[in-house]
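Given only the sequences and the hints, what does the whole structure look like? Please build it.
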Amino acid sequence: MSLDAEQVAKIAWLARIEIDSDAIPEYARNLSSILDFVEQMDAVDTSGIEPMAHPQDVPQRLRDDVVTESNQRETFLKIAPATENGLFLVPRVIE
Amino acid sequence: MEWEVVIGLEIHAQLRTKSKIFSGASTAYGAEPNTQACAVDLGLPGVLPVLNREVVRMATKFGLAIGAEVAQKSVFARKNYFYPDLPKGYQISQFELPIVKAGTLTISLEDGSSKEIGVTRAHLEEDAGKSLHEDFHGMTGIDLNRAGTPLLEIVSEPDMRSAKEAVAYMRKIHALVQYLDICDGNMQEGSFRCDANVSVRPKGQQEYGTRTEIKNINSFRFVERAINFEVQRQIDLIEDGGEVVQETRLYDPDRNETRSMRSKEEANDYRYFPDPDLLPVMIEPEFIDAVRKEMPELPDAKKARFQSEHGLSDYDAENLTATRDTADYFEAVLAELAGEAKLIANWMNGELAARLNRDGIDIQDAPVGAVAFAGLLLRIKDNTISGKIAKEVFDAMWVGEGSADAIIDSRGLKQITDTGAIEAIIDEVIANNPSQVEQYRGGKAQLLGYFVGQVMKASKGKANPAQVNQILRDKLSG
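Line by line, the protein sequences give chains A and B.
Reminder that position 13 of the first sequence reads as 13 in the numbering used here, one-by-one numbering, no gaps.
Reminder that position 347 of the second sequence reads as 347 in the numbering used here, one-by-one numbering, no gaps.
Some hints here could point you the wrong way.
[Unchecked claim] Cut-off 27 Å, straight-line C-alpha distance, at most; resulting in silico cross-link-like pairs (BS3-like, lysine-lysine):
| id | chain 1 | residue 1 | chain 2 | residue 2 |
| --- | --- | --- | --- | --- |
| 1 | B | K388 | B | K460 |
| 2 | B | K130 | A | K78 |
| 3 | A | K10 | B | K88 |
| 4 | B | K130 | B | K18 |
| 5 | B | K130 | B | K215 |
| 6 | B | K215 | B | K101 |
| 7 | A | K78 | B | K88 |
| 8 | B | K381 | B | K391 |
| 9 | B | K215 | A | K10 |
| 10 | B | K460 | B | K444 |
| 11 | A | K10 | B | K79 |
| 12 | B | K18 | B | K101 |
| 13 | B | K342 | B | K172 |
| 14 | B | K391 | B | K342 |
No wet-lab data here; the hints were simulated from the structure.
As the structure is a computational prediction, the values presented were derived from the model and not from experiment.
See the structure below:
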């Protein structure tokens, strides 16, 4: 499967990764070869096999509904680039 | 051209747990920003989500209530998108294998008929945080207390054909989740909100028209208005030769209009895939049986019982079971006043409902509780006061003047039932109105009302009306 420049640009946008437009052909080539590698699995006949959601064949463990966490706001705010009044600050988002 | 409206709703009900869906942080509302956001909620490196057993139980309850199959195996998936209030860059949700499969719900319509609405599915997911767009030096503030709060998203079939039907469905789900005690239903706090998918098509056409999605509507009134506005917008657009564009729109209650959320256009590529951090959720039949045993009486069953057990009309029973709190109030009053279901229903659906409506409060916050209310009705029943005086007493109780008995006592409102006393008042009224008496005796029977009015006035409304009528007739005809 080969990806074109437009698809590469879209993937980069969806992942919010800035890429140099000169490098797009190379990304397209590399990503396409990864897809080709994975595509070999298409040769296996999987009809009648239930899709696997997780490689471990065990059910999800559940926890009791109990509050176990205490307020660690100051610790977490300390590692953020910008904070104010207990809030994390991010570049402005306008709806 | 005649148009048919097609509506489907996605309702988000916040599940009433103590801790979050995947972490042990508190879900309590109204805490200081970011004091209830732990490392898991913040999506810090090295953390793993662990599912809360209670949300599985609550989703199972909902599934049983709508007659749906509860999936033996359901899977959590990542819904990928970037937004600052979603720290991980994905929301943990369910996609291909939701916990609750298809079910149905019956709604009552205004004309008294009923209609079955399909529920496509209901799945578990985590809520996002909150963005505060007030100006922080040109930046946006982020509060992640809500991040990781458990939600049950309930998706309907496109079965509704008017805004009124959509509201009836939404109310029914709202009542149901409260009956089940899985959601507090508080719409102001965002615990219950909905997205509406709306399209129109020429009547008789099979295919659906292009739909738009109105996001995050948080009141019944706004749902009705938003849908009605959107329907008219789409019809006008098509009739003017235009085309409806599939998009997400936002309802603005201040201007009563919907408008396009252009910023979200690009965001519809969610690239769902199973979340490798979470194993499939397996639900054993024994678990479902245990949940089934703790199911409360549901609205439809309660309504039927109110009709058969207490002889209430369809209308009364419908109103009294509209919310669990209303039904509980009714039953608490009835426990004090056995056998008086009709009297209670009349007063609850009339005077009580009117006061709640006027003051914009819910029945559980009513200033007059069930026992005090029963105390008032008891005094109507035993003829201590008339219905008319009871309204005055109720008003006084409403503003905190005390119990019915205390108010009747302090205001001297006790009904006059002493025949001699009533006769004395009537004699005086008759003596003071000779010409009316003559006219009455001359055949003008409708003047009886005038005399009743005079007697009631003279007794300050305290004379027993039934006795007044009886004695007046006797005396006037004599």
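For the pair supplied as a hint, K215 of chain B and K10 of chain A, confirm whether the alpha-carbon distance does not exceed 27 Å.
-> 25 Å, holds
Hey, K342 of chain B versus K172 of chain B, does the alpha-carbon distance stay inside 27 Å?
-> 24 Å, holds
Restraint check for K130 of chain B with K78 of chain A, where alpha carbons must lie at most 27 Å apart | 20 Å, holds
Take a quick look at whether K130 of chain B and K18 of chain B sit within 27 Å of each other, Cα to Cα.
-> Holds - the C-alpha atoms of K18 of chain B and K130 of chain B are around 19 Å apart, at most 27 Å.
Taken at face value, is the distance from the CA of K88 of chain B to the CA of K10 of chain A at most 27 Å?
-> 20 Å, holds
Regarding the pair K18 of chain B and K101 of chain B, is the alpha-carbon distance no greater than 27 Å?
-> This hinted pair holds, its Cα atoms lying about 26 Å apart.
Measure nothing beyond the straight line between the CA atoms of K78 of chain A and K88 of chain B; if it is 27 Å or shorter, mark the hint as holding.
-> With a Cα-Cα distance of about 19 Å, the restraint between K78 of chain A and K88 of chain B holds, given a limit of 27 Å.
Decide if the proposed pair is consistent with the structure: K391 of chain B and K342 of chain B, CA atoms, cutoff 27 Å inclusive.
-> 17 Å, holds
Please work out if K130 of chain B and K215 of chain B have their alpha carbons no farther apart than 27 Å.
-> Distance ~16 Å between K130 of chain B and K215 of chain B Cα, so the pair holds.
Quickly compare the C-alpha distance for K381 of chain B and K391 of chain B to 27 Å and report which way the hint goes.
-> Holds: K381 of chain B and K391 of chain B sit about 14 Å apart, inside 27 Å.
Given the hinted pair K215 of chain B and K101 of chain B, is their alpha-carbon gap at most 27 Å?
-> Between K215 of chain B and K101 of chain B the Cα gap is close to 23 Å, so the pair holds against 27 Å.
When you check the alpha-carbon spacing of K388 of chain B and K460 of chain B, does it fall within 27 Å?
-> This hinted pair holds, its Cα atoms lying about 11 Å apart.
When the structure is compared with the earlier hints, no violation turns up for any of them.
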